[in-house]
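Protein chains: 2
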Amino acid sequence: MSEVATLCARARVAARQLAPRDRAAKDAALSAIAEGLRARTADVLAANALDLEEARARGTSSALLDRLALDPGRVSQMANAVAQIARLSDPVGHVLFESTRPNGVHVRRVSVPLGVVAMIYEARPNVTTDASALCLKAGNAVVLRGGSEAARSNAAIHAVIADALDACGLPRDAVQMLPPGNRDAIRELLQQTETVDLAIPRGGEGLIRFVQENARVPVIAHAKGVCHLYVDAGADVEMAARIAVNAKLQRPSACNALECLLVDAKDASRVLPPVVRALIDGGCEVRGCERTRALVQGVKQYLDRVIAVRVVDGIDAALDHVARFGSGHTEAICTRDVGHAERWRHEVDAACVVVNASTRLHDGGEFGMGAEIGTATGKLHWRGTMGLQGLTTFQWVVDGDGQVRA
Amino acid sequence: MSEVATLCARARVAARQLAPRDRAAKDAALSAIAEGLRARTADVLAANALDLEEARARGTSSALLDRLALDPGRVSQMANAVAQIARLSDPVGHVLFESTRPNGVHVRRVSVPLGVVAMIYEARPNVTTDASALCLKAGNAVVLRGGSEAARSNAAIHAVIADALDACGLPRDAVQMLPPGNRDAIRELLQQTETVDLAIPRGGEGLIRFVQENARVPVIAHAKGVCHLYVDAGADVEMAARIAVNAKLQRPSACNALECLLVDAKDASRVLPPVVRALIDGGCEVRGCERTRALVQGVKQYLDRVIAVRVVDGIDAALDHVARFGSGHTEAICTRDVGHAERWRHEVDAACVVVNASTRLHDGGEFGMGAEIGTATGKLHWRGTMGLQGLTTFQWVVDGDGQVRA
Numbered sequence: 029m030s031e032v033a034t035l036c037a038r039a040r041v042a043a044r045q046l047a048p049r050d051r052a053a054k055d056a057a058l059s060a061i062a063e064g065l066r067a068r069t070a071d072v073l074a075a076n077a078l079d080l081e082e083a084r085a086r087g088t089s090s091a092l093l094d095r096l097a098l099d100p101g102r103v104s105q106m107a108n109a110v111a112q113i114a115r116l117s118d119p120v121g122h123v124l125f126e127s128t129r130p131n132g133v134h135v136r137r138v139s140v141p142l143g144v145v146a147m148i149y150e151a152r153p154n155v156t157t158d159a160s161a162l163c164l165k166a167g168n169a170v171v172l173r174g175g176s177e178a179a180r181s182n183a184a185i186h187a188v189i190a191d192a193l194d195a196c197g198l199p200r201d202a203v204q205m206l207p208p209g210n211r212d213a214i215r216e217l218l219q220q221t222e223t224v225d226l227a228i229p230r231g232g233e234g235l236i237r238f239v240q241e242n243a244r245v246p247v248i249a250h251a252k253g254v255c256h257l258y259v260d261a262g263a264d265v266e267m268a269a270r271i272a273v274n275a276k277l278q279r280p281s282a283c284n285a286l287e288c289l290l291v292d293a294k295d296a297s298r299v300l301p302p303v304v305r306a307l308i309d310g311g312c313e314v315r316g317c318e319r320t321r322a323l324v325q326g327v328k329q330y331l332d333r334v335i336a337v338r339v340v341d342g343i344d345a346a347l348d349h350v351a352r353f354g355s356g357h358t359e360a361i362c363t364r365d366v367g368h369a370e371r372w373r374h375e376v377d378a379a380c381v382v383v384n385a386s387t388r389l390h391d392g393g394e395f396g397m398g399a400e401i402g403t404a405t406g407k408l409h410w411r412g413t414m415g416l417q418g419l420t421t422f423q424w425v426v427d428g429d430g431q432v433r434a
Numbered sequence: 029m030s031e032v033a034t035l036c037a038r039a040r041v042a043a044r045q046l047a048p049r050d051r052a053a054k055d056a057a058l059s060a061i062a063e064g065l066r067a068r069t070a071d072v073l074a075a076n077a078l079d080l081e082e083a084r085a086r087g088t089s090s091a092l093l094d095r096l097a098l099d100p101g102r103v104s105q106m107a108n109a110v111a112q113i114a115r116l117s118d119p120v121g122h123v124l125f126e127s128t129r130p131n132g133v134h135v136r137r138v139s140v141p142l143g144v145v146a147m148i149y150e151a152r153p154n155v156t157t158d159a160s161a162l163c164l165k166a167g168n169a170v171v172l173r174g175g176s177e178a179a180r181s182n183a184a185i186h187a188v189i190a191d192a193l194d195a196c197g198l199p200r201d202a203v204q205m206l207p208p209g210n211r212d213a214i215r216e217l218l219q220q221t222e223t224v225d226l227a228i229p230r231g232g233e234g235l236i237r238f239v240q241e242n243a244r245v246p247v248i249a250h251a252k253g254v255c256h257l258y259v260d261a262g263a264d265v266e267m268a269a270r271i272a273v274n275a276k277l278q279r280p281s282a283c284n285a286l287e288c289l290l291v292d293a294k295d296a297s298r299v300l301p302p303v304v305r306a307l308i309d310g311g312c313e314v315r316g317c318e319r320t321r322a323l324v325q326g327v328k329q330y331l332d333r334v335i336a337v338r339v340v341d342g343i344d345a346a347l348d349h350v351a352r353f354g355s356g357h358t359e360a361i362c363t364r365d366v367g368h369a370e371r372w373r374h375e376v377d378a379a380c381v382v383v384n385a386s387t388r389l390h391d392g393g394e395f396g397m398g399a400e401i402g403t404a405t406g407k408l409h410w411r412g413t414m415g416l417q418g419l420t421t422f423q424w425v426v427d428g429d430g431q432v433r434a
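First to last, the protein sequences are chains A and B. Read in order, the letters of the first sequence correspond to residues 29 to 434 in the numbering used here. Read in order, the letters of the second sequence correspond to residues 29 to 434 in the numbering used here.
If we strip away everything but chain A, and leave its shape as in the complex, we get (with noise of 0.2 Å):
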């Protein structure tokens, strides 16, 4: 057997030990995560230096060191998400759906972990100590390959984490790191059909496309947002601007963060000049179609860090478009017409639809769900924020007393 292939055999053997563990084991193993974590900051602080000097070394731009680059600080802020994530109820048991039938049978679909999760990641450190700790919340084992530039940092992080399972008697494989290297490794990681319930990209394009062309193992990708603002006819100007302003720009890196801005032509001229204004008074340049050129001074064409500006003709101008050029992530309108912000309920097709409200309340914190594993931009199995219940499937459960089928 292959290194790939007998790291994840071991998670599966160690999944199943997992799965019947209780609250209270599962907790005090992320607790211990937490204070470990704390405890052997040096080390891993000294593992990052190292992760840092090499990227350096390679002229690797500033954007991606700052990712990379963890300080105390930032060791604290990783402990107390697992912290967190330790006080957010157990997903695993949630009785999903229940019934005693005719002849006696009581029959439920309860809640259970999924097995072992595959997390493929880039950058940041504190993906692994997150993922890690939802995975395990859930009652998964999982297999972790981040990046090749964060490998002596994340071989650090890991070192904690499979202590603190041991100390508290989880298996210790239920947590287990590919070594960095080529893609060869996490093609051979994708193929494990056997082992591997679920495979979960995140970072760039590249890397989820690659990771979607290759796998044979189910995908839950978290992939690129390109999110609308849809301001109808006879809308709150004040509104739509501020909820423009804020889900362009208050974390503009973000995948629902919004893109595209689409303006009934009906009521454009008055809609139009005072949102973009507030835009570019946020310090946003704002590309324009002819339309909206034609109303608004000074919106040019073509830029780098744009917003796009599209008048359209009504609500169902903008469904199409937002039916042909978005992404299925977070799609807003902002409107005081009853029918049709009940139409924009009922007709896009996206993960999070949204009703004179920015964007970027599309969060597991934000509705209250708690850590996010990512933002989940397909259909199956579980669509937008992804916390503890979408790294959970279900079983059904038959209670009897003899009976037998008719």
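Rather than coming from a laboratory, the hints here were simulated on the basis of the structure. Incorrect hints may appear among the rest.
In this list, chains with the same sequence are indistinguishable; a pair is considered to hold if it fits within one copy or across any two.
[What the hints assert, rightly or not] Think about it this way: if two alpha-carbon atoms lie no more than 25 Å apart in a straight line, the pair counts; the simulated DMTMM-like pairs of lysine to aspartate or glutamate are: (1) Lys252 to Glu222; (2) Lys294 to Asp429; (3) Lys252 to Asp427; (4) Lys294 to Glu150; (5) Lys294 to Asp365; (6) Lys294 to Asp212; (7) Lys294 to Asp50; (8) Lys252 to Glu266.
Note that this is a predicted model, so its numbers are computed, not measured.
With chain A fixed as given, assemble chain B onto it according to the hints.
Chain B in isolation, oriented as in the chain A frame:
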């Protein structure tokens, strides 16, 4: 665009039109399909006669001919099944989670149609109506690809369905049928990631493997079951025999039929002889392990229509056996030990775990859920008997009055 890509693109457009339609519109179309099948029974039977003639000329096995053959009674059953699906409650629009956040935003997770389902199946023409009706009821478009042996029957049924959709003002493109031919068209269908949301293969192991190996779209496989019954020490022997006979013999060709009986060595001399006797009396040939053969006279080792019997050392060995040899479909225990029952529920990783009842009860009808499109043997999205609910996904709906992210 190729023919396959064109059909899928048309299904995608139809799915967008279908998704917001209410229950009454969908049920009217299903009723019209049922009426159409009854009214045009002669057309369907004439097409079926040609399929049968060609199949006979090709020397098709009588078992396959029987699965292919329609008569007025079978067409009427198909119509009844569609009418029954019309009476099931709408799986779309259920609120799965709801929360009003501190900032006043109202968050819901609501069930919505999946979109476009590709159904790839063999032989039985009733799958054409069942799958179409289930997909339509859940608000989905469906692309059907039946076996070439049933091509004319399926085309006649498809004409009835398309006309019924037309007559009821639903898009006729919502049910597409790929022309029969070689597997190249299936391979192409499985690559349509832009337009197809889910592929469901139903048929022999060869077809399912082909789909899994060639799919770029998500797949929910409905594969074979290798189901076990473990008879614990101290079990009610009369109950164990009744369950074993029903699970094995009530319908041996079903995927939830029993394949292997496990008996605890501690109690095998009491349990095994009467249970095996009941199976043999029921017409089953029994293949026993060495320890079984030592306990029961007349058990042969290698026979054709068989149940395998193995004596194991207690529940741990039974759990290990099931983890290694089970297919994750349906696994039963017969026991009087409450602790062992609880371990079975928690430690068996299968779509359905059964305590003191027949594996044959794992069924949409028996669970009170109505018609099933199959039994999902994977863990993602849906598991076990899969009906309308498994043909939906969900979407987050955020309603605000101007809230932005802090």
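query: Which of the stated hints cannot be reconciled with the structure, identified by number in ascending sequence?
result: Structure breaks hints 4, 6, 7 and 8.
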